[in-house]
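Peer 1: The lines below spell out each chain.
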Amino acid sequence: MSTPDTTTGHGDISTGVAGGDSNASATRITPGNALRPEDIALEVKTGLAKPTEDVAEYALRIGDDALILAQRLGHWISRAPELEEDIALGNIALDQLGHARSFLTYAGGAMTNDDGSAKSEDDLAYFRREHEFRSVQLFEQPNGDFAATIARQFVVSYYQFELYRRLTESTDATLAAIAAKAVKEVDYHRDHNAQWVLRLAGGTDESRKRMIHGLRTMWPYVAELFRDDELTQRLAEAGAAVAPSSLREDFDRLTGEVLAEAELEVPDVPAAPGGGREGRHSEHLGYLLAEMQVLAREHPGASW
Amino acid sequence: MSPHGNPEAPASGAAEINREAPKASPAPEQSAPAEHHDRSAWGLWEVFVRSSRGLSHVHAGSLHAPDAAMALRNARDLYTRRNEGVSIWVVPADAIAASDPDSKGSFFESPQGKDYRHATYYTKSEGVKHL
Chain A
1 MSTPDTTTGH GDISTGVAGG DSNASATRIT PGNALRPEDI ALEVKTGLAK
51 PTEDVAEYAL RIGDDALILA QRLGHWISRA PELEEDIALG NIALDQLGHA
101 RSFLTYAGGA MTNDDGSAKS EDDLAYFRRE HEFRSVQLFE QPNGDFAATI
151 ARQFVVSYYQ FELYRRLTES TDATLAAIAA KAVKEVDYHR DHNAQWVLRL
201 AGGTDESRKR MIHGLRTMWP YVAELFRDDE LTQRLAEAGA AVAPSSLRED
251 FDRLTGEVLA EAELEVPDVP AAPGGGREGR HSEHLGYLLA EMQVLAREHP
301 GASW
Chain B
305 MSPHGNPEAP ASGAAEINRE APKASPAPEQ SAPAEHHDRS AWGLWEVFVR
355 SSRGLSHVHA GSLHAPDAAM ALRNARDLYT RRNEGVSIWV VPADAIAASD
405 PDSKGSFFES PQGKDYRHAT YYTKSEGVKH L
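Chains as they are written, first to last, in my numbering: chain A, 1 to 304; chain B, 305 to 435.
The hints are simulated quantities; they were obtained by calculation from the structure and are not laboratory data.
Take these hints with a grain of salt, some might be off.
[To be verified] Computed footprint of chain A on chain B; a stretch qualifies when at least three of its residues, placed anywhere within it, have a C-beta under 8 Å from a C-beta of chain A:
id	stretch
1	368-378
2	381-389
[What the hints assert, rightly or not] Label pairs and their calculated CB-CB ranges:
id	chain 1	residue 1	chain 2	residue 2	range
3	B	R385	A	F127	28 to 34 Å
4	A	L42	B	I400	44 to 50 Å
5	A	E169	B	S360	38 to 44 Å
6	A	A238	B	N387	34 to 40 Å
7	B	N387	A	A260	33 to 39 Å
8	A	S245	B	L359	46 to 52 Å
9	A	R253	B	A399	35 to 41 Å
10	B	L359	A	E169	34 to 40 Å
Ideal Cβ placement from N, Cα and C applies to all residues, glycine included.
All chains should be modelled from the sequences, with the hints used to inform the complete structure.
Peer 2: Shown next as structure tokens:
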């Protein structure tokens with residue numbers, strides 16, 4: 001573990017379980033010392049980190065994106081075409097869930113329950129209604145077949161990489177720290193995904209047909225990812241976040257390179273109306289939430 | 305554990321590094337019609353992982369993958385989930401030439417009893433320094 005840097009508020013919190021790399025040895029495996037959601041919860045609780053209302057709303061947005069995607073990807077477990085891919089998708093789902101936990105925990109620091117306590121990640125994940133979710137509509141789109149999931153993941157991973165890469169420079173130290181952890185993981189998601197886009201597009205006639213169909217199904221939801229609004233304008237001016245529209249150029253260039261290599265075209269489809277950031281969702285989110293929330297709502301406070 | 309073991313039966317030491325390794329059962333040769341999903345189409349790969357403080361790559365287990373690039377990624381996803389490694393090798397299982405388990409006697413028992421192949425067999429001559 002490097003010298004703790006107390007100015008950022010992250011280095012001085014014990015990594016708990018295994019104490020980080022300082023305890024590593026040739027025979028002992030440690031979880032490492034990366035930032036965990038529990039660390040953020042502790043910072044929020046002790047007042048070390050407190051988001052502004054704008055930052056909290058923003059963290060809620062990107063946290064919801066990751067949460068909804070984690071729930072979607074988790075559905076592949078035991079259902080993927082091969083055991084190896086099953087675990088790969090499960091890993092990506094867990095990465096997304098980790099990002100969601102961090103962002104939602106941080107967002108909750110500026111939101112209170114009726115009893116005055118700060119909202120926890122669970123309060124936000126399990127006890128909000130559909131119109132209170134701020135995820136964009138791409139993330140809730142159904143898994144479809146494997147190619148459709150790869151198509152969704154193609155857009156998501158390239159978008160999230162550009163987003164998190166820039167958020168590491170955020171003036172908000174916690175957002176920057178979460179992004180720094182997330183960007184490495186999303187970089188791998190990108191790589192994993194590009195491998196599959198190339199293979200499905202260059203595989204059999206059937207796999208290519210499905211890849212093209214998957215991209216056409218997901219592409220209407222691309223535009224919404226890059227829409228600015230008043231909140232992102234304010235945050236961009238403050239340096240806490242970036243304007244979504246500013247990610248578009250790099251996204252188009254990098255996805256374009258993969259599509260060109262796969263000899264695929266950027267789908268020419270009209271954009272969906274969107275509205276996820278204002279709580280307007282496609283018909284799919286309600287069912288997803290029902291499944292995700294049922295246990296916590298049926299047995300409030302239950303632990304397992 | 306020896307990398308020269310039978311690739312179809314990974315040494316038990318691998319279980320310590322990896323508790324989720326799939327059983328290395330090579331896909332049986334199937335004579336299913338071509339339009340069916342042919343599971344044997346994905347080859348078997350052996351995975352070697354070097355831990356952050358380890359000097360050598362150690363056999364971790366095996367997996368199925370369509371090609372080397374995907375085998376590396378699958379290995380990353382299957383065998384380094386708990387911070388186990390900093391380097392991975394993947395080798396097509398059929399590229400490994402393995403000794404025959406049935407020839408244990410002729411292959412591995414011959415050195416037994418040949419004490420003179422060990423340094424401890426010899427007595428140090430008087431006056432020899434730094435030995």
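Peer 1: It remains to establish, for every hint, whether it holds in the given structure.
Peer 2: To see whether the hints hold, each was checked on the structure:
1. 368-378: holds (count 7)
2. 381-389: Holds: 6 residues of the stretch 381-389 of chain B have a Cβ under 8 Å from chain A.
3. B:R385 x A:F127: 28 to 34 Å: holds, 31 Å
4. A:L42 x B:I400: 44 to 50 Å: holds, 49 Å
5. A:E169 x B:S360: 38 to 44 Å: holds, 40 Å
6. A:A238 x B:N387: 34 to 40 Å: Holds, since A238 (chain A) and N387 (chain B) (Cβ atoms, about 36 Å apart) stay within the stated range.
7. B:N387 x A:A260: 33 to 39 Å: The hinted range 33 to 39 Å holds for N387 (chain B) and A260 (chain A), with Cβ atoms some 36 Å apart.
8. A:S245 x B:L359: 46 to 52 Å: holds, 50 Å
9. A:R253 x B:A399: 35 to 41 Å: holds, 39 Å
10. B:L359 x A:E169: 34 to 40 Å: At roughly 38 Å between Cβ atoms, E169 (chain A) and L359 (chain B) fall inside 34 to 40 Å, so the hint holds.
Of the numbered hints listed earlier, not one is contradicted by the structure.
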